[in-house]
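Knowing the structure of chain A, use the given hints to seat chain B on it.
Same order as they appear, the protein sequences are chains A and B.
Here the first sequence is numbered in full-length UniProt numbering, starting from 1 and rising by one per residue.
Here the second sequence is numbered in full-length UniProt numbering, starting from 1 and rising by one per residue.
To be clear, the hints were calculated from the coordinates, so they are not data collected in a lab.
Built from N, CA and C at the ideal position, the CB exists for glycine as well.
No false leads were mixed into what you were given.
Residues on chain B that point at chain A, a partial pick, calculated with CB under 7 Å:
1) 153
2) 156
3) 160
4) 161
5) 163
6) 204
7) 207
8) 208
9) 209
Pairwise CB distance ranges (calculated):
10) B:162 with A:206: 37 to 43 Å
11) A:68 with B:51: 52 to 58 Å
12) A:10 with B:167: 31 to 37 Å
13) B:111 with A:98: 52 to 58 Å
14) A:41 with B:170: 29 to 35 Å
15) A:10 with B:255: 55 to 61 Å
16) A:76 with B:125: 46 to 52 Å
17) A:68 with B:81: 35 to 41 Å
18) A:76 with B:135: 36 to 42 Å
19) B:219 with A:155: 43 to 49 Å
20) B:237 with A:115: 44 to 50 Å
One letter stands for each residue in the lines below.
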Amino acid sequence: MNAPLVAFEDISIAFDGRTLLDQISMTIDAGEIVTLIGPNGSGKSTLIRTLLGLQTATSGKLTRDKNLRIGYMPQKLHIDSTLPLTVKHFLGLVRGVNKADILPTLERLGIAHLISSQVHVLSGGETQRLLLARALLNQPNLLVLDEPVQGVDVNGQIELYNLIENIRNELGCGVLMVSHDLHLVMAKTDTVVCINQHVCCSGSPQHVTEHPAYQALFGVPGSESIAIYAHQHDHVHAEDGHVVSDPQQHKPHQHSASCNH
Amino acid sequence: MLDFLLKALVGGIGVASVAGPLGAFVVWRRMAYFGDTLAHSALLGVALGFLFDINMNLAIIVLCVGLALVLVTLQKKHIIATDTLLGILAHSSLSLGLVAVSFLDNIRIDLMTYLFGDLLAISSNDILWIYGGGFVVISLLVMFWKPLLAMTVNEELAKVEGYPVEAIRLLLMLLVALVIAVAMKIVGVLLITSLMIIPAATARKLSHTPVQMATIASMLGCIAICGGLWASYQWDTPTGPSVVVCATFLFLMAYSLPLKRLIAHK
Chain A
1 MNAPLVAFED ISIAFDGRTL LDQISMTIDA GEIVTLIGPN GSGKSTLIRT
51 LLGLQTATSG KLTRDKNLRI GYMPQKLHID STLPLTVKHF LGLVRGVNKA
101 DILPTLERLG IAHLISSQVH VLSGGETQRL LLARALLNQP NLLVLDEPVQ
151 GVDVNGQIEL YNLIENIRNE LGCGVLMVSH DLHLVMAKTD TVVCINQHVC
201 CSGSPQHVTE HPAYQALFGV PGSESIAIYA HQHDHVHAED GHVVSDPQQH
251 KPHQHSASCN H
Chain B
1 MLDFLLKALV GGIGVASVAG PLGAFVVWRR MAYFGDTLAH SALLGVALGF
51 LFDINMNLAI IVLCVGLALV LVTLQKKHII ATDTLLGILA HSSLSLGLVA
101 VSFLDNIRID LMTYLFGDLL AISSNDILWI YGGGFVVISL LVMFWKPLLA
151 MTVNEELAKV EGYPVEAIRL LLMLLVALVI AVAMKIVGVL LITSLMIIPA
201 ATARKLSHTP VQMATIASML GCIAICGGLW ASYQWDTPTG PSVVVCATFL
251 FLMAYSLPLK RLIAHK
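So here's chain A without its partners, still in its complex pose (with noise of 0.2 Å):
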């Protein structure tokens, strides 16, 4: 087995007194898919940030491979309107960039037609594929992703999810990433780090989503408060977009004595 890819041991870090981490012990290997979970303010950005160099543990050791090159996937890009940027140039930033694999980049994520927008016009869904592209660009054999699905419907996390779990296939990079919304990444995840201050539990989603100190956080799976809104369209979309009446569900207007006309 080789050495791991990134090891936290015992890191902590207390801010103006307040413990934001506890002794914090977890590994990353290289091709592994960690989902860091937790509640907010539970430290899961702070683990990120020290990870990345962006700030330094009050005690414990963070080993990092010699060979490790990160892409860090920031939870939101703010670019000041002021400055005028398009796709490629934002892309072209990224230090030691070969120009030339940009527009393979974001074919691969699916954006490939943006290359030329404004990143300001550009949606959720495709400014966190434009912000994957940027790390990827990076050459990583780390994926560090916060938020990776932030702002994006369930359709489109599902497919970044694919896409991400593609990409490690492809890569054989690890990948850390953050997140609330769990139970779409457990399918995709390897093992699931459960944190609030100090590692509540850890292992596989299986075991994690059973685990007593999970529940005490997140509640029993299944009994969630959040109820689906299940629901019937009664149309549907033709190819162009336009709405065609489902003939199944169309029925006339039938009138009864509660109509008043």
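Coordinates of chain B only, in the frame set by chain A:
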């Protein structure tokens, strides 16, 4: 008779060309107040130059660069909010400058010249400083364009990708300081920032990429200089303010006329 006009034109164009791209960064990174602070402190540089009898341009450059370094250091310590810090530094250094100037009994300094600039009093020596300084600034900008832009777009991404973000940020501050020091004679302490910001803001409307915006800002700055000089010659108006008025006029035109971006999608 036209010699002084020619010098003013050459000097002004030199300053405006450099102020354009730097101004773009000032706009992108919202550093306008930072520029103002440096400019205000330049007057203290003038006073110190007289006091110690050293080259005026050198004194201003040293002071601006020094202040930029002080700012970076204080900013890191997070003692107070940056805009408050800038406000304190800007006005205390301006006041210190004015107080220091009042002690110089034996030398008469025309304060108006330093506050509002005197493009027409530009000397051959000044032109040398403008083009020497301008050359340094532009070369550094070209050399470090990509890291500068990467940092401006997103500091964290740039840092993760291995750009030396701290050093680049310092470089940008020093470049702004240098431009302000050199440009101060032209439009004066109170108007320098406008020569950086207004052409850049105008260029935003016309450009599609960062490079375009920087280049167009330079050109618009040059037009403002020419227009201001012409107006000043024609109607005997103060040169510095005339240049700024002209730049503002261009800004209003760009945003009120239905202009397309000059260079289309590629």
